[in-house]
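Visitor: Using numbering that gives the first Met the number 0, read the sequence shown as starting at 0 and increasing by one per residue.
A hint or two may mislead.
[To be verified] DSSO-like mimics (lysine-lysine), calculated; alpha carbons at most 30 Å apart, straight line:
{"id": "1", "residue 1": "K63", "residue 2": "K51"}
{"id": "2", "residue 1": "K90", "residue 2": "K63"}
{"id": "3", "residue 1": "K51", "residue 2": "K90"}
[To be verified] DEER-style ranges, computed between Cβ atoms:
{"id": "4", "residue 1": "A62", "residue 2": "E2", "range": "30 to 40 Å"}
{"id": "5", "residue 1": "E19", "residue 2": "A62", "range": "36 to 46 Å"}
{"id": "6", "residue 1": "E5", "residue 2": "P93", "range": "23 to 33 Å"}
{"id": "7", "residue 1": "F65", "residue 2": "E22", "range": "28 to 38 Å"}
{"id": "8", "residue 1": "V23", "residue 2": "F65", "range": "29 to 39 Å"}
{"id": "9", "residue 1": "D47", "residue 2": "M27", "range": "30 to 40 Å"}
{"id": "10", "residue 1": "E9", "residue 2": "R74", "range": "34 to 44 Å"}
{"id": "11", "residue 1": "L30", "residue 2": "A76", "range": "14 to 24 Å"}
{"id": "12", "residue 1": "E22", "residue 2": "K63", "range": "24 to 34 Å"}
{"id": "13", "residue 1": "S85", "residue 2": "D47", "range": "19 to 29 Å"}
{"id": "14", "residue 1": "E87", "residue 2": "A62", "range": "15 to 25 Å"}
It is worth saying that the hints were derived from the structure and are not from the lab.
Remember, it's a predicted structure, so these values are computed and weren't measured experimentally.
Glycine included, each C-beta is placed from N, C-alpha and C at the ideal position.
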Amino acid sequence: MAEAFELVGEANREEVGKDEASEVLAEMLDLVGHSSHNQPDEGAEADDEAEKLLGERQEARAAKDFGRADEIRDRLAELGWEVRDSAEGAKLVPRA
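Given the sequences, and given the hints that come with them, work out the whole structure.
Guide: What follows is the structure in structure tokens.
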């Protein structure tokens, strides 16, 4: 992952071309099992069960019950969803 961050930094500093960096980064993410980060977030809508679980996970994190939050994240993965946490909050995206 450090190499991926280095590559992004180089692209931002224009030390490498952004198109070239984008292609290499996509390959790197695929190799480490994070290819879903190279896909747009739009698309499939989460069902009610997944949304309910996401809410429970957010409550567990707020209560600092990280073990429970991890269990819920794993259950969401079984259902085909990946949780992406950001400054705007958590959202569900289909797993690749």
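Visitor: Work down the list of hints and note, for each, if the structure agrees.
Guide: Right, here's what the structure says about each hint:
About 18 Å separates the Cα atoms of K63 and K51, which keeps this hinted pair within 30 Å; it holds. Only pairs whose Cα atoms come within 30 Å are accepted, and K90 paired with K63 is accepted, the gap being roughly 19 Å. Distance hint between K51 and K90 is fulfilled; the C-alpha atoms sit about 12 Å from each other, no more than 30 Å. Judged by the Cβ atoms, the range 30 to 40 Å given for A62 and E2 holds: they are separated by roughly 36 Å.
Distance hint for E19 and A62: a CB-CB separation of about 45 Å, consistent with the stated range 36 to 46 Å. Under the hint 23 to 33 Å, the C-beta atoms of E5 and P93, about 28 Å apart, fit the expected range. Between F65 and E22 the beta carbon distance is about 36 Å. The supplied range of 28 to 38 Å therefore holds. Remark: the range hint 29 to 39 Å for V23 to F65 is upheld by a beta-carbon distance near 33 Å.
The supplied range of 30 to 40 Å is met by D47 and M27, whose beta-carbon atoms lie about 35 Å from each other. Restraint check, E9 to R74: a C-beta distance of roughly 38 Å satisfies the suggested window 34 to 44 Å. A beta carbon spacing of about 19 Å between L30 and A76 agrees with the range 14 to 24 Å that was offered as a hint. E22 and K63 have their C-beta atoms about 40 Å apart, which leaves the hinted 24 to 34 Å range violated.
Checked against the given bound of 19 to 29 Å, the beta carbons of S85 and D47, roughly 23 Å apart, stay inside it. For E87 and A62, the hinted distance range of 15 to 25 Å is satisfied, since their beta carbons lie about 21 Å from each other.
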